[in-house]
Every structure is written in structure tokens, then in C-alpha cells.
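**Student:** This is what each chain is made of:
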Amino acid sequence: MKKKLALLMSLLMVLGIVFSGCNSPAETDAQNPEDRVLKVRKKNAMMSTDWEQTTESEDMQITFVQVFEGLYGINEAQGGYVNLLAKDVVISEDQLHYTVTLQDATFQNGDALKASDVVYSYRKAMENPRFNYVTSMIDSVSEIDDKTVQFDLKYPYSPIAHTFFTIKISSEREVTEAGASFGTAPHTAGTGPYMITDFDMASSIKLKAYDGYWRGEPAIKNVEYVVISEDSAAVIAYENGEIDYLHDAPTAEWDVLTAAAGDNCTMVMGNNIRCISINWESKANNGILADELVRRAICYAIDKEGLNLAVVGGRGVIAQEYMPSDYVPTSPKASDQGFELYEYDPEKAKELLLEAGLTAAQLSEGVDIGTILTYGAQTGQNAKIAQVIQANLAEVGLTCGVEVLDIAIASPRMHSYDYDMAIFADSGNYDFNNIRQQVHSESVGMAVVRYRCEGSPFDGERIEELIDQGVATSDTAERVTYYTELWNIVQDSATLFPLFHAPVGICWSGDVNPGDICPTYYHLYSLSWK
Amino acid sequence: MYKYILKRLLFLIPTILGVTFIIYAVMNITPGDPGRAILGANAMQADVDAYNHMLGYDLPFLQKFVNYVQDLFLKGDFGISYFTKQPVFAEIWPRYGFSVRLALMGALLSAVIGIPLGIYAAVKQYSLWDTVPSVISFLIAAIPGFVVGMLLLYIFALKLNWLPSYGASSLRHYIMPMLALAIPPAAQNMRFTKSSMLESIRQDYVRTARAKGAPERTVIWKHALKNAMLPVVTQMGLTLGALIAGAVVVEKLFSLPGIGSLIVDRIPFKDEPVIIGGTILLSVCFAVIMLVVDVIYAFIDPRIKAKYVKMKGK
Amino acid sequence: MSRNETDKTKETILEIKDLKVIYQTDAEVIEAVNHIDLNILRGRTLGLVGETGAGKTTTALSILRLLPEMTGKIRGGSIFFEGHNLLEVDENWMRALRGNAISMVFQDPMSSLNPVLTIGEQISEVIRLHEPDLPRREVEEKVDSTLNLVGIPASRKAEYPHQFSGGMKQRVVIAMAICCEPALLIADEPTTALDVTIQAQVLAMMSDLKHRLGTSMLMITHDLGIVAQTCDDVAVMYAGEIIEAGTVEDIFLNEQHHPYTTGLFQSIPDINKKSDRLKPIPGLMADPANLPKGCAFAPRCGQCREICTKEHPVLTAWGTHQLRCHLFASSEKEQERGAE
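Residue numbers (the numbering used here), protein chains in the order written: chain A, 293 to 822; chain B, 178 to 491; chain C, 1274 to 1613.
Worth double-checking, as some hints may not be accurate.
[Said to hold, decoys possible] Straight-line C-alpha distance at most 30 Å; calculated BS3-like pairs for lysine-lysine: (1) C:K1483 to B:K301; (2) C:K1483 to C:K1290; (3) B:K184 to B:K403; (4) B:K301 to C:K1346; (5) B:K262 to A:K416; (6) B:K403 to A:K498; (7) B:K429 to A:K335; (8) B:K399 to C:K1290; (9) B:K403 to C:K1415; (10) B:K336 to A:K335; (11) C:K1415 to B:K399.
No lab work stands behind these hints, which were simulated from the structure alone.
Computed from a prediction, not measured in an experiment: that's the story for all the values here.
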């Protein structure tokens, strides 16, 4: 009997331990619209609440847009860069001095936005090597008066707009008070429409509307980002009504989602672009890719429509420009016909190959041109693209292999030009100057093709000249001409070829007005309850 | 007996050392680094290197190993995560606690389902009580845990709308994950218990018990079962251990903050302190579970208790 | 040796009539016990002798209805004990009987005891099963006295079976069997697993108990020496049949025997006779799944006649001595008795 009692006691103890840890707060079903919580899905845990420390694009959607603000913002739905905290910007004649007048805004902690905060934020960011690429051109930032800041550049740099967007303004007082622990907990150091009130890194991030927001209090008062890493679970949660706003919905389940969402969903062209790069320095088959005719043939052989269909079910958008000219005004438009588009033409491809000196016999057997390298999951988009292109090339008589590796292995190889052809993705491009990362000889570790080097058949110097000219003027039309010439050189070389833009699906619940539809930086501020 | 337990606990120290060493060694050999993973594929290599240096990732792995062990044993410090720059212990402890709780619930449930079914199947061998659960358990054993979880989600969250599909904030949230965790091991438990019971029932002392005039219930539950429990207890211990770390799939599916998914998530970032910290906690837990199992053995079977006591070293 | 062979009013405590038991498996039917009759008299020990596979254990299990559920089936006959046919009473009745009025001691003491319970507990379990209202203190007293009876110090009752030697374990088993003072004790080869010296001790103890408590016993064994030592009556079993029965004098001293019995005696080595080879009975025991027509022993019998292979022999009796053999089925029955 004693033993039975002991067993029962230990069982009760175990159960007690087990249940003591379970919270059971009553889930209040908010009837009052003031209390309703907008539930948004987040794929992964959030690293930090400090904008400077967030590197993950999903995290940036929260810290860069809802919580913090920069001098400029980005609204993809409305053409690109917009003035945000910068009420007014005056550019000097020599384009070396930018005088910015600040909005009458307040931080979430109640302090007024002052020029000193801007100076503080910029100086801090300039010390962070991660932002070198947007701050290296700044000579100094200084406070003129409480509401005016002056930027002195080392050289004219028109893409400073991206800097003004990227560097966010934080409350100097609060950040210095918090010290090293800033970013680990909820704070009120931003000027944005929402502040983080709860930060349970792995499971949820709660935002509350900032009632003193300088543009007026947001319509939706409470937001909760819920971490659901599994796509199918997220779809079920949306169908179940447990998620109200599903941004960048899993495209594999799009049919299921549209069925459940009805009118409350849309698919928009993403900023993310898939490209193929052809390495003229490739050693495959005795350097066959050094022949420009062969490379151009490859471009003609690629069936972008077929790619779109096979890889994203036709929901993507064929890319002919490297950056969407809809909200990147400096991007050369395909419709202006300033550069070769390589419209799908397998016959032309075969002609070029014959012109290059390959015989019909060789082509019917298949000429080896190396391997298409890419990264990601074996069943991921990049891998599928590689396989479709492999099939396209086979049609015109070119054979190649496909190699899908872990990004940690593929990336260094691509950046050291140790590959034949590669599929990669690029995103976050809002100013055409970003092409610098792909074509300038200083972009070591970022570019995948060399244009200016010993033995290069291209006019690398001219490319770099055009880049410099592009930043030296702030006249958009002028910049477009430079970039058109640049892009023309690149397209003629047939080394970097855009394929398509991945689609971004957005779903929302029937109670929500989805506001501005943006593929990357959506604004919760524009959402409201029906 | 206490000496035996103490000896087993002391074995934890070389275990911890071994785990730490192996993980540092493996992380050292595998490609990738936190800097590249955090800053992204397009970051400049110089920035990546600087970041790694700031984290202390680029030290030689033996150096890192020695530093870690020193900090751990002398200061009880689990280090700082490369990913969040937060103290590792504060991050892993709540998630570890959660996983332990969930695993305990799952293991308990699997025992509650599996053991009685196994006993009935053994006692009523060849009858419906035997064939039906056996067939069902074969089917379940063939279905991967992920699919079981998805089915539960589909039926209970989506179609019936009875249970929430993500999170861990209320008791209702635990129901489906618990089921998803408990069902596959329950099937195994059932088969295991059944075979152990079958063996036990065939023993002579069971016949003796019947010859004493004991009612069948007593014969089964008092005589046969106690002897059959030994392998079943081991199995339960292993199940529990496997559920704590191995619940990753269920954690991901139901968006639960468990330790398994934490470790898995940090691997691409090569967040060594968290991976090691988490794994150490798991190994300690597993060792403790095995110790508890062995101690339970001693309470069930006095022959084993005698062995332990003898092992004191006369 | 005082014995009342002629006292026909001696009470029969267990009467088995025409018992038929089979084991039914998917492959075959094993005819283990074929229409046997057995009587056990009050206060006397019946020895059931035979080779392995003769059906002795099956008979014993049938008395207590402990045959394996799935395969063992009683196909006919009756077993009367204290006025009731045990084959017709319900399971509750049997449970009240087991360990209480009829107890059984099994062959292998090593495995007969539950290793995870103390011996004290295993003995007190029997007592508590059959005397549920007895207060705890008295139960313990009874356990102690029973242990003393079998020669185990009561102080050891909290120990586990593995802490006892083979002989002591068997004593514990016997203690379990007698603690409720059964009227009939069935002992299935109780000393086979023990070595000879321990064997003698255990047998002596069992005899002693029998005299003290007046228990009747069914002693199953293949060892004729034990039969001579402990039994009052004997039945010889072969291929599921009783082929010879009688008092122990009948079997040991009479001249007439079933050829099988003769063979059994001859296969015992005699320390006084010099011999190069032992004389076993040739051949193997008949296959109980496939019994021959006629006499089951015929294939091995040295005195086999034609009738033996065709007709099944019936039991003929001379007083207490019964034989089932065509040799003795003649019309003139010569009575031969051994001198006292």
C-alpha cells in the first residue's frame, strides 16, 4: 500500500511540475476595435529591436518601417523614395552639401526630434562597418540648429537618397541610457508609428500604436507578430482566421490561399530578382565561355516565359530590367530600347553558335559548357531555374551540369569567379547605382563577374567612369542616360542577364483594409479595420 | 545506493567535456561562419571578417574549447550567443524547460495509451483486443511524426476549429503537440509492452500465482506486470530522452519555443555558444533520465538493487 | 509397517474417472491423457510414475484446471473432490480451492517464485487470498509458523528469492502450498531440480508434514526410489494411460508386472550387480499425437503378441493390484502376493 501511495504522490508531483509551467491566461476576444490585435505572421525569430543590428529582411520590415524612420522612406506602391523625417532638403550647387530641415516629430518616449539626434544616429552608423557602403561618402554631419542638419559629402553622390533611407534616427537619450543592452528589449527610441511593447524573441513581438506619431495615430492599435516557421502551418493559421495579415505568403500554397482568401489577396511583383551570370573567365571546355557569341547564344536560348511557368507557376514577372523602373526612377527602362533584350529565340542562338565556329555535328551531340552553380534547397527556386535553363540550353545543342550547393560554399566560389554559370538572386535595389556592387572592380566579395581586370575583353574603365558620372549628378534624366550606356555594355557582354522577379503574395483577413500593396516594405500604418 | 548515484552523476563531467569538444571540432570543420550568415550573401568580406572577429569566432577551436570549459566550470557562464549577443543561458533555459515539460507530457500520454493496450493485447492474445491495436500500431509506426502533426492540424485546427494552430500560451495549445508527440511512441510502447508481458505471462511464477488461487487480475497486474516492466521502463526513458531533443519537427509545425528547434535554427548561423549550451543541457538531461531509469529498476527488481549495492566496492 | 490394505471403507479424497485431456494446436491434436481412472485415499500418498511425456503433469494440472488456456482442453471424464465434480464447477469455486484445499508444488523452484516479491509476501498472499478477514498480525504469525514448519527461520521472510539456495527455495514453495493446510497436496517432481542430499532433506520434510497435518499427496515422479521412500500407493502411466496401479507393495514386491514396469525396474542400475551396460527400454515413448492402434506400449514390448497390436488392452485387477496388459487378461487369474 505504501508503494502505491508513493507512486501516486510522485505522479502528482510530476503532473504538478508539468502544469506549473503552462500559462493559461484567458484569451480575451476583444470586442472593442481599439483592443483588436492584428496578427501578422513572421517566419523566424527576431534578432534584435535595434535597427542597426537587424540584418534579416523580415526583421527589417519591422524595425526599418514600423518602429524607426529615416530622413527618407520607401514606398514601392508610390514610386520609390519619399520624404519622411526630412521635411525639406536643399542641395548645394556643387552637390557636396545637403541641408535638411526636420519634421516636427516626436520619439515614442515623448522627446522631440532634434537635429542632435540625427547627428548622433549618423555618427553612430558611420562607425559601423556594415553601413560603410552608404556612409563612406559622408565627410561630416553637423547640427545647424534644433531642426536643421547639414551633410557634407566628400564627393557628389546622388544616391544619397538610399543613405537617407537606410540610416534611421534613434533617440540619443534613450540609446545612450540603455547602453549595450539596447536592442535586447522593448524600447521607445524610434519615431515610427508603432513601438515594440513585448519582445519574446522566439515566439512573438507585440507592437502598440504610438499615439503621438507625427503623421497622426495609426488606425490599427495593436499588432502582434507571431513566429510560425513552417509554411503549411502558416497557411492553416491564415485559413483558420488566426492570422490577419500574411505578407510574402508561401507561393507553393497560393491556390489554397486564394481559395480561402477570395478577394482578400493579391500577388505583386517582388523586388527580388533572379539572374544568371556567365563567367567569361570560366575554364570549362577550354574556356568556351570566353567567346562572346557563345554567351549571347546562351541568353537567346533562355525561355523566360517557360522559366516563369515552371518555377513559380507563371506568377512571377519576366525581368528585362535589373531594377523595376516603376519605383526605381534611375533604372533604364526596357521600353526605351536602349539595350539588348535577348528575346527568346533559339534559332538565333543556334545561328550564333555556328558563327562562333561550332559545327552542326558538334551541336547535335551537345557541346559542354560547364556547370550551372547555384545555392539554396535542392527543390528551391534557384535549383529549378538552373534545371530549366539546362533544358533550354540542351535544345540548342549546349550541355551543362547543375550544381546546387549550400550558400556558404557557393557564395565564396561565385565571388572568386570560380564557376562557369551561376544563378543568384539580388534584392533591396532602389537606386540604379547599386549596380556598382555587380560591376565595379572594388566590389570584391560582392560581384560575380569581372569587368575591369587584366585580360578583360570589356571596357571596364568606361563602366566605372559611368558609375562615377551617375553619382555625380542628381538630375534623374541625366543619370538614366549614363546608366543606359552602362547597362548596354553589360548586356552586350552577355555576362549578367536578368531572368524574372519572384512574386510576392499578400493575403489579409476579411476584416482588414490592406492599405498600400508593397512587395517589400509594407506599411502597417496604411492598414485599417473594416 | 547513494554512492552509485553519485558515481553516475560524476560521469556527467566527462560527458560535458566530450560534447563541447565534439561540437567545436565539427563546427570547425564545416563551412560557413556567423558573420556571413548574419550579414548576408552580399556583404563585403572585410565586414564579415570584422564581425567574426568581434564575436570571437575566428579563434582556433581548441582555444575556444578551453575558454568555454573554463567559463562553464569556474564561473557557470554559458557564454554569449553569436546571433543575439545575449547571455546563452537566459536564452536556452526557458526553451529547455518548455521542451522538457512537453516531452514529459508526451511521454506520459504515450505510456498511458500504450502500456494498458499492450497489457490487454498480451493477456487477450489473438483476440480482437490484440489484433486491432496491433494493426493500428503498425500503421502508425509507418506514418512519420510530421504527417501525424499535419493531420492533427488539419482536422482539429482547420476543419473543426477546436484548437489553436500555433503558440504555447494556454493549455489548449498543448493538446495537439502532445498528441503528435505521444502517438508514434505510444504505438511502440504498445508493442514493446505486449511482447514483454507475453514473456512474463509464460513464466513459471505466474503459474504458481494461479495455483495459489489468485484471481486473474492479481496474476496479471501484480505478478506478471511488475516483471514485465523492466524493458518497458528503459523504453520509456529512451522515449522521453528522444522527445526532448527530437521534438523539432513538432515544434516547428506548431510554432512552439522548444530547445530542439532553437539549436537547429542556430546551426546555419554557427552560433556555437548556443548550440553547445543547448546540447550540454540535453546531454545532462538524458544522462539524468537514464539514471532515474536505472534507479527505478532497482526499485522494481531487487536483484538489480543488490547488484548496485554490491558495486559500492567491498 | 502397519497398513490396512483390506480396509475398503478407507475414504477416497480425490476420484478421477475416465479423464481425457488433449492439447490442440494448429498443427495437430496431442492426446495427452486417455481415459484414466485414479483414486487418492485420505491421508495417503499416491505416486504417479512415468517417463517424461506420459501425461503426469497434464493430469495434475487438470485437477486444478490450470491447463494452458489456448491449447489444453478437457474432453471428458470427471474429477470428484469432496463431493463436487471439479470439471463442472465455476472458476470462482476453483480459485477458492487452489492453494487452499488443493495445493500444487511445481518442479523448478528457481523459476516458480516471483523474483520481485519477498518470500514473506508471497506466502502471506496465499493466506490473505483464502482468509481475507484475518487481521494482519495473525497473517504474519501464520507466515512465521509456516516458515518454521519448513525449516526456514522466520527472520528471513523479508528477503527475496534470489537470496536463497535451491533447496531453500523449494521449501518456500512448499510453505506456500501448505500454509492453508490443504487436504490434498500435488507435488510435480518437487525434487528433480535439486541435488541428492537436498532432495533427501526436502522429501523428509514433506513426509513429516504429511504425518503432522494428515495431508493426502499426489507425488508425481519418474524416480522409483522416491516412490519407494514416500508413497503408499502407486500408479504407472504410459502414453496417457494408467497401465499398472496398486499399493507400493504390489508394485515393488509382486512378481507380475506390466512389461513396461519391469523395464523401468531393470533400467535402474544396481550397485550390487556387476554389469557392463545398463538395460534401457528400447525405443521411444509413443507419439501422443499419433498413438498406435491397440496397446500403446506394443512397439517396444519384448513380449508383444499379435493381439497387442490390434486390440486395446483392458484393466484387470487382483485385489488392489491392477494391470492393463493382454498378458494378464486370461480367464484364470492367479493371485500372487509377496510375503509381508
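**Student:** With reference to the structure, classify each hint as holding or not holding.
**Tutor:** Here's how the hints hold up against the structure:
1. C:K1483 to B:K301: 39 Å, violated
2. C:K1483 to C:K1290: 25 Å, holds
3. B:K184 to B:K403: Holds: K184 (chain B) and K403 (chain B) sit about 27 Å apart, inside 30 Å.
4. B:K301 to C:K1346: 18 Å, holds
5. B:K262 to A:K416: 19 Å, holds
6. B:K403 to A:K498: Distance of about 52 Å is beyond 30 Å: violated.
7. B:K429 to A:K335: Roughly 10 Å separates the two Cα atoms, so the pair holds.
8. B:K399 to C:K1290: 36 Å, violated
9. B:K403 to C:K1415: Roughly 26 Å separates the two Cα atoms, so the pair holds.
10. B:K336 to A:K335: Since the Cα atoms of K336 (chain B) and K335 (chain A) sit roughly 24 Å apart, the hinted pair holds (cutoff 30 Å).
11. C:K1415 to B:K399: 22 Å, holds
Consistency note: the structure conflicts with the earlier hints numbered 1, 6 and 8.
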